[in-house]
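Order-wise, the sequence lines are chains A and B.
All residue numbers in the first sequence are consecutive under the working numbering, ending with 532.
All residue numbers in the second sequence are consecutive under the working numbering, ending with 138.
Since the hints were derived computationally from the structure, they do not count as laboratory data.
Accuracy of the hints is not assured; some may be wrong.
As the list claims (entries may be wrong) - 20 Å max Cα-Cα, derived EDC-like pairs, lysine to aspartate or glutamate:
#	chain 1	residue 1	chain 2	residue 2
1	A	K368	B	E58
2	A	K237	B	D43
3	B	K107	B	D43
4	A	K529	B	D30
5	A	K529	B	E58
Unchecked claim - Every beta carbon over 12 Å from chain A, so not counted as near; a handful from chain B, in silico:
#	residue
6	E29
7	L34
8	D52
9	D57
10	A61
11	E74
12	Y78
13	M82
14	D86
15	L88
16	G89
17	R92
18	L95
19	D104
As the list claims (entries may be wrong) - Pairwise CB distance ranges, derived in the manner of DEER restraints:
#	chain 1	residue 1	chain 2	residue 2	range
20	A	E531	B	M19	40 to 46 Å
21	B	R65	A	G194	37 to 43 Å
22	A	R120	B	I60	41 to 47 Å
23	B	R65	A	F314	56 to 62 Å
24	A	G324	B	E58	57 to 63 Å
25	A	G451	B	S56	51 to 57 Å
26	A	K529	B	M32	37 to 43 Å
27	A	V131	B	D30	40 to 46 Å
All C-beta atoms, glycine included, are put in the ideal place defined by N, C-alpha and C.
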Amino acid sequence: MVSMGPERDFPRSHGFLIIILIVFLTAMIIVGFSVDGFHAFSGFLRIQTHPARLLNDYIEIAGIGGALLNAASVGFIGLAFCAASGIPLSGPTWAAVLTMTGFGLFGKTPLNILPIILGVYIAARTIGKKMKDYLIIALFGTALGPLVGAISWELGFSLPAALLFGVLGGIITGFFLPSIAVAMLHLHQGYNLYNMGLSCGFFGLFAAAVIRGFGGTLGGESVWYSRSHPVLIFMIPVMGFVFIFIALLSGGKKSFSDLKRIFSSSGRLPSDFVDGASPEGALLNIGLIGILGSAYIWIVGGDFNGPLIGGLLTIMGFGAFGTHLKNSWPVVAGVVLAALATGNALNAPGPILAAIFCTTLAPLAGEFGIIAGIIAGIIHFLMVMQTGSWHGGMNLYNNGFAGGLTAAIFVSVIQWYRTNKAEK
Amino acid sequence: MKRKDQIIQLMSEMASYLLDEDPMRLVISLHQEEDGLHLAVIDDNDHSDEEIAELERKLNSRKRPELAAYYGAMTGHDQLGSARLDLLGWSIKHADVEKMNPGLKIDLWLGGDRFDSRQFTLPGKKPASD
């Protein structure tokens, strides 16, 4: 490959976003200690050796303090890898760090994500690339953290063997991810925002088959926090209002015109709203998504717990990288219609998670219109209620997996029709 | 990525973009050097000043290695939807967009800078005689 020339200086948005993320992650740690005192730390330690497959709500397992501490640690690891790779914060890195933080409330731990990141690094070096080339794959690839946890803590190994096999399993997993990620991208052509969800789900099918083939079991009950706590209820709305305030303070009226520009984007991968519009416009979009997402949970009577706050953090992350209100609502409407038509309660874990994470298919509505978006939402819901068991819950981005399959069938049909229909 | 694959991706994405407007003439010219290459793309359609400014912006976007090595794989490959020149902009050295009458000429440089766009050749090589 020929040289692309020198990279340019870090953009203004980098400093802006990194300060916001550091303040947010630090606030999570402070709130965690203020809610649970030093029990937060023992809760954090408990999470490290707990199975992580879907659905294990760390708030139920370790308390609010322990879960917030774990989530902030995972977020800081993501941020540290961005800094170490020399990649400025922008849409995709913002999305990756917030997604990692969110899933630190129900599945990711420092211990189960690091071997996967190491595996991606080894893959990059094997073909002469640098870590920064595969940074996004490494960060989102931590969706398979529960696979490391399953090998370590669910197969009955002694502690040394558990650590050894877990780390080895994670490295092997990470090594395969770059090749799978690029292949999966072609399958849906960028219309599934959580491409690593599809990639990790695909890999998870093989991993689950191997584990089950050797007599392992991947069953287990869901752990779901269903009480309410003011910190959990107000965390995301407050964050949303703060983001909107910062956007308006920094960008003034221009933030609204930048938001309008974001709304005109289909959101297809890779749509970096920070670069394409402005950090302020993106922040305004992110804040609105957080507030309206929380409002949806409140309206349907959902629980503000680890998975749902994690989901809100994820869609707020992608508010800088493909998701906006205009391209999201048709897909959410499709999920709601499908849930009602199949007799599911909107506040049950599966439907409510699908309503949040289905925004992975927002680019389909952005590119092909409202009807396509609604149909995509319906198909997505029917798929996502089944796909979790396929990979034994080891792929945390189960909606990304189902969304990828849904997008792939849409893209195949539309491409076939457009390519073969006789021109008049 | 092999150089051949990269050239095919660049040509395909540029062609996809310009063919959307159904030009009557489209020329893609490749000049390879040891340390790089140059692509000239010419069409005969009318293009507004706004479109040309947007083209320049996308083709000369900030280098994004974290996106180029991953999402860049879609360049010139996944063509359902509108063409995405920002994918291309992340992986080239720089681009010039020049309005012609009619149409436009886009010069894309990767690596070497020796190509003389006005002479439409590499210096030191004799232009082909008619």
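These are the hints, each one checked on the structure:
no.	hint	result
1	A:K368 <-> B:E58	holds (18 Å)
2	A:K237 <-> B:D43	holds (19 Å)
3	B:K107 <-> B:D43	violated (28 Å)
4	A:K529 <-> B:D30	holds (18 Å)
5	A:K529 <-> B:E58	violated (33 Å)
6	E29	holds (16 Å)
7	L34	holds (18 Å)
8	D52	holds (21 Å)
9	D57	holds (19 Å)
10	A61	holds (15 Å)
11	E74	violated (5 Å)
12	Y78	violated (5 Å)
13	M82	violated (6 Å)
14	D86	violated (4 Å)
15	L88	violated (5 Å)
16	G89	violated (5 Å)
17	R92	violated (8 Å)
18	L95	violated (8 Å)
19	D104	holds (14 Å)
20	A:E531 <-> B:M19: 40 to 46 Å	violated (23 Å)
21	B:R65 <-> A:G194: 37 to 43 Å	violated (24 Å)
22	A:R120 <-> B:I60: 41 to 47 Å	violated (26 Å)
23	B:R65 <-> A:F314: 56 to 62 Å	violated (43 Å)
24	A:G324 <-> B:E58: 57 to 63 Å	holds (60 Å)
25	A:G451 <-> B:S56: 51 to 57 Å	holds (53 Å)
26	A:K529 <-> B:M32: 37 to 43 Å	violated (23 Å)
27	A:V131 <-> B:D30: 40 to 46 Å	violated (51 Å)
The structure does not agree with the numbered hints 3, 5, 11, 12, 13, 14, 15, 16, 17, 18, 20, 21, 22, 23, 26 and 27 stated previously, though it agrees with the rest.
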